[in-house]
Amino acid sequence: MSTIAVLGAGKIGESLLSGLINAGYSPEDLLFTERYQQRAEELSKRYGVRGTDLPDAVRRADVLVVSVKPQDIEALLDETADLVTPDKLVVTLCAGLPTSMFEGRFAAGTPVVRVMPNTPMLVGEAMSAVSGGSHATESHLELVERMLGSVGRVVRVPENQQDAVTALSGSGPAYFFYLVEAMIDAGILLGLPRAVAAELVVQSAVGSAAMLREGEGHPVIMREGVTSPAGTTISGVRELEKHGVRAALIDAVEAAHSRSVELGAKHRRDPGEND
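For the sequence shown, this note's numbering assigns the number 108 to the initial residue and increments by one for each residue that follows.
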């Protein structure tokens, strides 16, 4: 089994460590890096996984999972660029950053796989999309799919679709949370206690998601199943349409896509380009 190092054990990095252990990976085959000593000690105690520094993690691991914020990537690359060799697999979870950027900084021929996960990884329900760089093989992609499968569902997409994935599922949980927040506030406005309103809305969201996952039908058909003639639901739906909620959601996803493209543009380069 490969040794996996999670470079950056924030919420997503910790969630991946937890998922891998739950999926049967031995803590002895896992490493992580964390800049704050107290948190590193807490994670080691919680999962039995060794925390270490970046150079040691890169030297010891076969798979390097880069899980830092895009604004922190340059510091990580500066510290590790001369240590990463083509026999290692680099898996990047950094939103907006193309595989070509990593290929241009690491040794020629280094395989890179780009992943866009989302925060439901924290509860084992992530939606992750994977794309291979120019040196990633089928076996590399399958290994990453097994890893990410331990914390949710995985799809494979061409890398030129990753900005769309980022906008739709990467940012998607925030849109759902926003809608849930608004619905809870509406319940409070109508006189329900906050706890009751939250229970009603959250369970409705969970149940609706389960119906969608089980393939009960197209969302339009499922919505129509709730919408009786001259009933309460159609009155509510009419207000949503009147206020342009559908168009606003489409615009929100489009804006997130543009921002993802913008974040990656300054790092984008041809795989063979040198600094």
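The set of hints was computed from the structure by calculation and includes no laboratory data.
Glycine residues also receive a C-beta, built at the ideal position from the N, C-alpha and C atoms.
A few of these clues could be false.
Said to hold, decoys possible - Ranges of calculated distance between the beta carbons of each label pair, as one might list FRET restraints:
no., residue 1, residue 2, range
1, VAL230, GLU135, 48 to 58 Å
2, PRO134, THR334, 43 to 53 Å
3, LYS118, GLU361, 22 to 32 Å
4, LEU319, LYS118, 24 to 34 Å
5, ALA312, ASP189, 16 to 26 Å
6, GLU148, SER109, 40 to 50 Å
7, LEU299, LYS152, 35 to 45 Å
Hints, verified against the model:
1. VAL230 - GLU135: 48 to 58 Å: Violated, at about 26 Å.
2. PRO134 - THR334: 43 to 53 Å: Holds: the Cβ-Cβ distance is about 51 Å, inside 43 to 53 Å.
3. LYS118 - GLU361: 22 to 32 Å: holds (27 Å)
4. LEU319 - LYS118: 24 to 34 Å: holds (25 Å)
5. ALA312 - ASP189: 16 to 26 Å: The hinted range 16 to 26 Å is violated for ALA312 and ASP189, with Cβ atoms some 48 Å apart.
6. GLU148 - SER109: 40 to 50 Å: violated (25 Å)
7. LEU299 - LYS152: 35 to 45 Å: holds (41 Å)
Violated hints for the displayed structure, listed by number in ascending order: 1, 5 and 6.
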